[in-house]
Amino acid sequence: MEENFMNVRRILLCLFLSVLTGLSTATAYAASDSNGVTLYTPYTKISVSPGQSIDYSIDVINNSKEQQTAELALSGVPRSWKYQIQSGGWNISQLSILPGEKKSFSLKIEVPYQVNKGNYRFKLTAGANIEPLALTVNIAEQGTYETSFTTDQPNMQGHSGQNFTFRTTLKNQTANQQLYALMADATRGWTVTFKSAGQSVTSVEMEANSSKDITVEITPPAEIGAGTYKIPVSAETSSTSAKLELEVVITGSYSMELTTPTGLLSAEITAGAQKKIQLSVRNTGTSVLSDISLSSSTPSKWQVEFDPKKIDKLLPGKDAQVTATIKADKNAIPGDYVLNLESRTPEVTAKATFRISVQTSMLWGWVGVLIIAAALGSVFWLFRKYGRR
Amino acid sequence: MKIHHTNASGWLGNSGKISHPFWVIVQKEVADYVRSWRFVILVALIVLTCAGSMYTALTNFSKAIKPNDPEGTFFFLKLFTITDGTLPSFFVFISFLGPLLGISMGFDAINSEQNRGTLSRVMSQPIHRDYLINAKFVAALTVISVLFFALGFLIIGLGLITIGIPPTAEEFLRMIFFLALSIVYVAFWLNLSILFSVKFRQAATSALAGISVWLFFSVFYNLIINLIAKAFSPSPMATEYQVIGYQKMLLNLMRISPSQLFSEGTTTLLMPSVRSLGPLTMEQVQGAIPSPLPLGQSLLLVWPQVTGLLAGTIVCFALSYVAFMRKEIRSR
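Keeping their order, the protein sequence lines are chains S and U. Heads up, the first sequence is in my numbering, so the first residue is 1 and it goes up one at a time. Heads up, the second sequence is in my numbering, so the first residue is 1001 and it goes up one at a time.
Keep in mind the hints are simulated off the structure, nothing from the lab. Certain hints may be false.
[Said to hold, decoys possible] Computed cross-link-like contacts, DSBU-like style, restricted to lysine-lysine with a CA-CA straight-line distance of at most 30 angstroms:
1. U/K1248 x S/K330
2. S/K103 x S/K123
3. S/K327 x U/K1248
[Unchecked claim] Cβ-Cβ distance ranges computed for the label pairs, FRET-style:
4. S/N331 x U/L1295: 17 to 25 angstroms
5. S/N331 x U/A1031: 22 to 30 angstroms
6. S/D312 x U/S1273: 40 to 48 angstroms
7. U/E1240 x S/D312: 39 to 47 angstroms
8. U/K1066 x S/D312: 45 to 53 angstroms
9. U/I1163 x S/Q274: 42 to 50 angstroms
10. U/I1163 x S/V369: 30 to 38 angstroms
11. U/R1121 x S/A374: 30 to 38 angstroms
12. U/R1121 x S/V369: 40 to 48 angstroms
13. U/K1066 x S/R355: 28 to 36 angstroms
14. U/S1212 x S/T353: 31 to 39 angstroms
15. S/S293 x U/Q1242: 36 to 44 angstroms
16. U/K1066 x S/V338: 33 to 41 angstroms
17. U/L1295 x S/V338: 39 to 47 angstroms
Using N, Cα and C, we set each Cβ at its ideal position, and we do this for glycine too.
Can you make the complete structure from the sequences, with help from the hints?
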């Protein structure tokens, strides 16, 4: 019996010691409560930007010997902020904890876009007897409630006839999903196309706080002079809009046309003879063309001479007359030949392909006629000499 | 010419006026030709061969149209030129049988009359002496012309029925020129045989002479040209100009033969894409587009050939004329 009593005493001592140490640890966790329930989260001060949401994981620890119920509520939160307390997949407002156990739940706080910079403090309370948990949210920047439409490179340079492709980013920084109409206020003749994910679009639907890359393709009119042109583009909904001004610098185009005044690109020529063809060189671009040289690629032994050989300067929209003297090879066979004429500047070349019908000289035809006439004449002479006697 | 008892109606024109004696002789000669068995046999031969070539041309017509053919717009002309290899085409038949027709119509023109003794009886009439030979020639030419144009239009008509597309104006003119060239070609052989008929007393001799000339040009002349070509063939090291000169020499030798002139002429007229008849240098070909020639240029291209044939015809006629006028015609 003595031995049994000694054992009971030892067990009691151990129990006592363990209770003592448990109490002392509870006091170390938080301010000790009368009923021993504590709220705990490691991140008590968080820095976020407007529009972000914060997901706290909070533990409720029951140090008492009884089951405890925590009445969960958040106080001091600005009205426009939204929060949810969830655990086990449910939205909860009460949480019961078994003695000596802990239970965790999540607190989700959505920071709105329209929020001032600064520290926001609020308290998570769990009941009258439980020490509330103080939480601080630091808003690092001034919040907005609008759409942003931006591009890294709002200016581009090129010549007319070229497409200008701007890469822009549209951000929906409002709290709601938005359907943006994409619009461009370009002057007549300009073509502005919006593309999202490779598709041409006129509107885009965007979730709150999302961004989308939008490609703006701008085609200038064909007949446009050099200069700087501003193309305002915008993304609009009924409640919000964003504008972006794109700038296109046209340097002017180089374009030239080589033809004849009548447009006729065929000619007839007698083998070995010369033929003059009027050519007209037209500046169809928007820049001045200078030092236009003329050249030809001909069938072998043909010659082409130009007068003048060179055009010094040709203003946009103007044309210059050139006379080409074509000399066909005297052995050219009758029929069609191809003759290429070319006008060239360092910037641009223009080509005209002529179809030259070669005719043979009538000379030998007349010689043949003379031979036949001589033969007939001799017969006639024979008639006169022998016939009538 | 056989002397018939003439009735007045045969010698009268449509208006009832008495015809010029020359045209009376021509009419009689034409009548003689048309009624002779010789002519009927020859016409039957020519019509049969032409029908054969026509048949092969029409059966192969669909195969003859190729894409990107510069002569694609001239497919009516192909009636005269296409063949499937079993029978020669129309113009080859003409170049082969035409001389035979000409020789057969002229070889006994004068000498048979002389041998029958009718020549002096005709000459006793109050007409000029040259009326006879002129009328012989004009009558034969009339018959040949009518025959050839009839054949040509027969082919055009048959082609129209089977193809259903009318020829263009240029195609039609080319066909007319082809027929005219054929007539000139046959007229050459006609005059040659008339010349022989004046020169030789025996009809058989003059016929043989005409046929031997024809055979010489159609068979032996090519053999002789080949012999010359081998003898003068340039070495493989020869320059381009030497080769061209050699080819031109051979071609000019070939052109002594009337059939060569005729075939070059018909080829150019019936195939508008033929742009040159001689050898060509690369320089001439460079930059040239394969395109058909306009009719005027084709005619200009074959004008030397036409001139040669026409001049040959006229020279043969002049020779036979002179020979006939100087001939002693009274005795047998």
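Each hint, compared with the structure:
no.	hint	in the structure
1	U/K1248 x S/K330	holds, 18 angstroms
2	S/K103 x S/K123	holds, 19 angstroms
3	S/K327 x U/K1248	holds, 26 angstroms
4	S/N331 x U/L1295: 17 to 25 angstroms	holds, 23 angstroms
5	S/N331 x U/A1031: 22 to 30 angstroms	violated, 53 angstroms
6	S/D312 x U/S1273: 40 to 48 angstroms	holds, 46 angstroms
7	U/E1240 x S/D312: 39 to 47 angstroms	holds, 44 angstroms
8	U/K1066 x S/D312: 45 to 53 angstroms	holds, 51 angstroms
9	U/I1163 x S/Q274: 42 to 50 angstroms	holds, 44 angstroms
10	U/I1163 x S/V369: 30 to 38 angstroms	holds, 36 angstroms
11	U/R1121 x S/A374: 30 to 38 angstroms	holds, 37 angstroms
12	U/R1121 x S/V369: 40 to 48 angstroms	holds, 42 angstroms
13	U/K1066 x S/R355: 28 to 36 angstroms	violated, 22 angstroms
14	U/S1212 x S/T353: 31 to 39 angstroms	violated, 57 angstroms
15	S/S293 x U/Q1242: 36 to 44 angstroms	holds, 41 angstroms
16	U/K1066 x S/V338: 33 to 41 angstroms	violated, 22 angstroms
17	U/L1295 x S/V338: 39 to 47 angstroms	violated, 23 angstroms
Violated hints for the displayed structure, listed by number in ascending order: 5, 13, 14, 16 and 17.
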